[in-house]
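**Q** Chain residues, written in single-letter form:
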Amino acid sequence: MIRLSIAAALLASAAPAIAATHNVAPGEGAQETLQEALILAEPGDEIVLAAGRYTLTDGLSLDVDGVTVRGAGMDGTVLDFTTQQGAGEGLLVTSHGVTLRDFALENPKGDGVKSKGADDIVYYRIRVTWTRGPHAENGAYGVYPVESDGVLVDGVKVTGASDAGIYVGQSHNITVRNSIAEANVAGIEIENSRNALVEHNVATRNTGGILVFDLPNLPVMGGGNVIVANNLVVANDTPNFAPPGNIVAGVRRGTGIMVMANDKVLIEDNILSRNPTAPIMVIAYTQGFEDERYNPLPRDVVVGENRYDGGGYDPQLDGADMLLAAFGGELPPVLWDGLGSLSAAEGTAGWNLNLTEAGKGLGAAQPGPLSVAAPVGEFDRSGIGAPAALDERLGG
Amino acid sequence: MIARATPPPPEYVNDAAIMGDGMPRLLSDYGFFDDPGAQVPVPHVYPYRLNTPLYSDGAEKLRFVYRAAGTQFTAQGEGLLDLPVGTALIKTFAFGEGSERRLIETRVLLHRAEGWLALPYLWNDEQTDARLAVVGARIDLTTPAGQAISYRVPNKNQCKECHGLSGEVVPIGPKARNLSHAWLSRMVADGHLDTMPQDADQLPLWEERENAPLTSAARAYLDVNCAHCHQPGATASNSGLDLRWEQQSPDALGIGKRPVAAGRGAGGHLFDIVPGSPDASILIYRMASPEPGVAMPELGKATVDEEGLTIVRRWIEEMAP
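Residue numbers (the numbering used here), protein chains in the order written: chain A, 2 to 397; chain Y, 678 to 998.
Bear in mind the hints are in silico, worked out from the structure with no lab data behind them.
Hints are supplied without guarantee of correctness; some may be wrong.
Label-pair restraints from in silico Cβ distances [unchecked claim]:
no., chain 1, residue 1, chain 2, residue 2, range
1, Y, 804, A, 58, 22 to 32 Å
2, Y, 997, A, 326, 43 to 53 Å
3, Y, 711, A, 390, 47 to 57 Å
4, A, 294, Y, 803, 38 to 48 Å
5, A, 45, Y, 997, 27 to 37 Å
All residues carry an ideal CB built from backbone N, CA and C; glycine is no exception.
One chain only, chain Y, in its complex shape (with noise of 0.2 Å):
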């Protein structure tokens, strides 16, 4: 197989890759990027950001969404936003800074007849383009905190782990509770979406999290972090803790709840929270190792997410016992 070294700028998406039936060898088959390398898109996909967003080993990550001609988006209330058949979104991986910045991989969901595709691409050395690795990869780098790390990028299957809901594969971030308000409304005034969905916008801007309530702060990591397989339907639906923000029970919450099958990764503790006790709890105990078996999340994690242990202990230890 010979790599084309520098593809000819695309001038519009390629619906084709998108909605074939075949999966696509190559990023620039999809044509999302006018130059890939610097990440920047094509008419017609349009960039975003979540407030919360999901950590992955520090990775900056790029988001992108492409909307068909003729579709639009629709506003289904705080929740994801349906996106149509033909859509694509696209989320690049990078490590370092600036001229050092460095991209990793490249995930793709596309909307086809059949339902969502998740396919992951990896990038050259170049900086040129990115392949498809149905089988994903390890790789060294250098994580933001300094941390020297064999960097996973998730298999085909995998994708579903996170994006599996009810035996179908769906977006999990454009949820309009995580969108700002400004983008949304953009969306809306420029006709890609049908209107301003209801609630957009609650979960806090991680930035910022020092200013908005400790429990917002704490639930929308939870939330964009762990309930996409901690809720009834999705993968660790068996352990019966669900972590989405609409989640009032305590108890499917995991305040006093004991694990199902924890394993070793209970840690010796008892129960999932317990208010005021940080170290007491299998949440943070999950959160706090790297290491196989134990950890939370399973997949893309080979780095602790430090600021977001903190605050979802700051949480735990406030809760009134």
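Looking at chain A on its own, in the form it has when it is part of the complex (with noise of 0.2 Å):
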């Protein structure tokens, strides 16, 4: 590794092993303090950032395999991003092992924290704030890593995410827990990813829950293996804020879980409380595409156990009026638009599109009471989530 001498002695050295810990505090610099310590250190090393509020006019970046940036704490290190001038992102990581913990980046300009190829990643305990709440004009993603192996987000906040809080794109071996999304337009996205598990996370306030999506023309396709289960989907009520133009804008305020396009899903053990469109959609994509990989329809998707409570009863469908007359008011937890397969816990109360053909609008709807068949047999869990090496990084 190449190691400039100079910039080395400004470094703090605690370890005289081979880690070296690099101390950096805020205050006049510290744009360049920080991105130095990311530029110089080494594989293994650790940046630590004291506590305080670091003004930040540029995007920074990691490209050092298994460094581990570490501050005081998701609010006691906030990386503000207010006065950026440019880049894409907050923080950009393009290499493998990194451990991104215990800090804050507010008001970044584009993505807040992007890590794109950069296999075995954990995020912990990051938090990524717009401050002015709900805004069209807010960044994209919160958390946002794409084209990775092996990924771990754990007990992370974003708040205020014009497209999705925490969203894992194009990846594989998926862990998003412990975590909250919240007055996001998507609050958790799991999009052209396979063997993800998304458990025990707070989803709340955002236009819809939870998003398991496949989508046309990208390089990685072919979404599913998926667990959602023991989420809290509370509430998920805020007018979508999304730019024209995104695939999340067609989302329905107040949808919960939502399965688009996806191949073996399961949700069960969730709460899905006051979301007033549909606790839980399983849909097909609807746009036209020509990719010959992409399959547009839901497969094997399970509803499991969940606990339901007040649901559908302010759709953001067309004919909402006539749909809540004919069921009372209020619309079963679970809509199916009929394509794909799906299959239920006995007693799942839901209803049915009964669409016949992908891309042909709801013009041709029959809605109806859902009837499906219960699940066959136990829903194979192997190998769905993050590898258990990365557990190992959460430790001190």
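Two independent chains are provided; combine them into the complex using the hints.
**A** Spelled out as structure tokens, the structure:
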């Protein structure tokens, strides 16, 4: 590795052994000091950000494998990007085995933290907040790992993202847990990804709580093998504030958990309360596409036992008044468009649009009660979630 | 640190600085220039230009390539020349005309045994030398268009955002298709380059773009300004947009393609390119914005490239809906 002698001398080196600690403090020159530490760190090093508010004018980036960036807590160390002048995200990570923990980013101009092609990454107790609350001009994604294998998001909190708070895209072997997504357009989104476990999260006051999507024309295709379990999905009732043109701009206010064009998804043991359009929605991709690799249908989606409490009472759907009248003032919790394949635990109340073809719109809908088979056998959980080795980095 | 006010003119390039494992502190350590301030190179450092250059806030760019003794460049069709270990690419950014010209930064790409290394150097006020700035810098200056901007010198990592391809750092500019026939033939005649590359010199000369087919001019612009990120294996690969010159699929080029992670960068539009409707095309919206989070490219852009915007706009306008 290459190390610049003078810069190394500027960095405190606590550990005499292989791994070094680089201490960074807020104040004059913090942008340069912090970025310098991110560039000069060597694999295994830790960059420790002292408590305080760091005023940053440009995006930061890390491209060294095995580095830990540790702050003094998600309320203690705040990277403030309110005056950011350049770059598409607050922090960009492009190296493997990185741990980001215990700090916050506020008001990044684009995305919060993006990690691309960064395998085995841990996001632990990271907060990304757009402080003015929901606003179309906020950045798109809060926590944004993409094209990666091995992603652990734990104890994260994202507020105000104009697209998705926690967005995992085109990746494999993912866990998102113990996190809070609040007042984003989409709370947590798993897109074109495989083997994802989404558990013990709180998704509230988003437009849509938890979304599992597959989209055409992306380098990584074939999303599926996803478990969404033990989440609290409550009052996702913020009007959609996504800039038009984004795929999430079409998400209806009041969507709890939504599965679109995905293969093998289990939804169980969640508490779904006060999601006024639909606590659970299972649908096909409706736009036109030209991609032979793409399957627009939801396949083998399993709705297990969940607790439903007050949903579907103010659906953002065409013909809502008639639907409400037909269903007695509140739509049943599970909405399926009738395309692909779905099973549901016995006694699950739902309704079915009974569409016969994807992409033809709701005009052909013939709504009726949901009548699907009960799940057959145990859901195969093997290989789902982040590699266990990532957990080991959370200690200390 | 005491800066050397006037480094003695070198007689030849310091191969150890290029090939070693350190990061030289000063540009003069390499010995690329006989007269650094005037950008007069020493022997074996050859100036070149690109037919269609990358726009960087209107900066004038002075490009050089250094060939190490005992090596030779190799043609690879219309693509990047194969520049062996020991080669250095040197690019100086300047603003201002004539005696008012100020050198701002010089970026070097060094081909070492372990791969290419990109380093930014910042010029001193005296214009005698430039110093390594791994964290980059911001500099207040006025563009040729008369706009006062905060010009961003990228940091070492940001170099990789544009130069990264499939995990490696690679040169971007010296593709045979974007180098003049005259320059390439001279390189061959002088023994620097093994043979005349096939399909060389295809990209139109930017100053003469009005005489070139519109599609060529626009596609050359996108290839040079966007495709280093927007291609498989590069920084923006997850967008699925591929703006390389050789890409022929309308979908990959953005025609009728929906954005993936454009956020507010979509500007309320549905497709990257809507044939016949530049104002409904995300590509144009992002090119026309200087605002972080919307602006494309994300780096090296404080101002909108009006000329580039015009040519791409016309190309979309004339596309059959």
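**Q** Hints first: check each against the structure and report whether it holds.
**A** Hint check:
{"no.": "1", "hint": "Y:804 x A:58: 22 to 32 Å", "in the structure": "26 Å, holds"}
{"no.": "2", "hint": "Y:997 x A:326: 43 to 53 Å", "in the structure": "48 Å, holds"}
{"no.": "3", "hint": "Y:711 x A:390: 47 to 57 Å", "in the structure": "55 Å, holds"}
{"no.": "4", "hint": "A:294 x Y:803: 38 to 48 Å", "in the structure": "59 Å, violated"}
{"no.": "5", "hint": "A:45 x Y:997: 27 to 37 Å", "in the structure": "57 Å, violated"}
Going through the hint list in order, the structure does not satisfy hints 4, 5.
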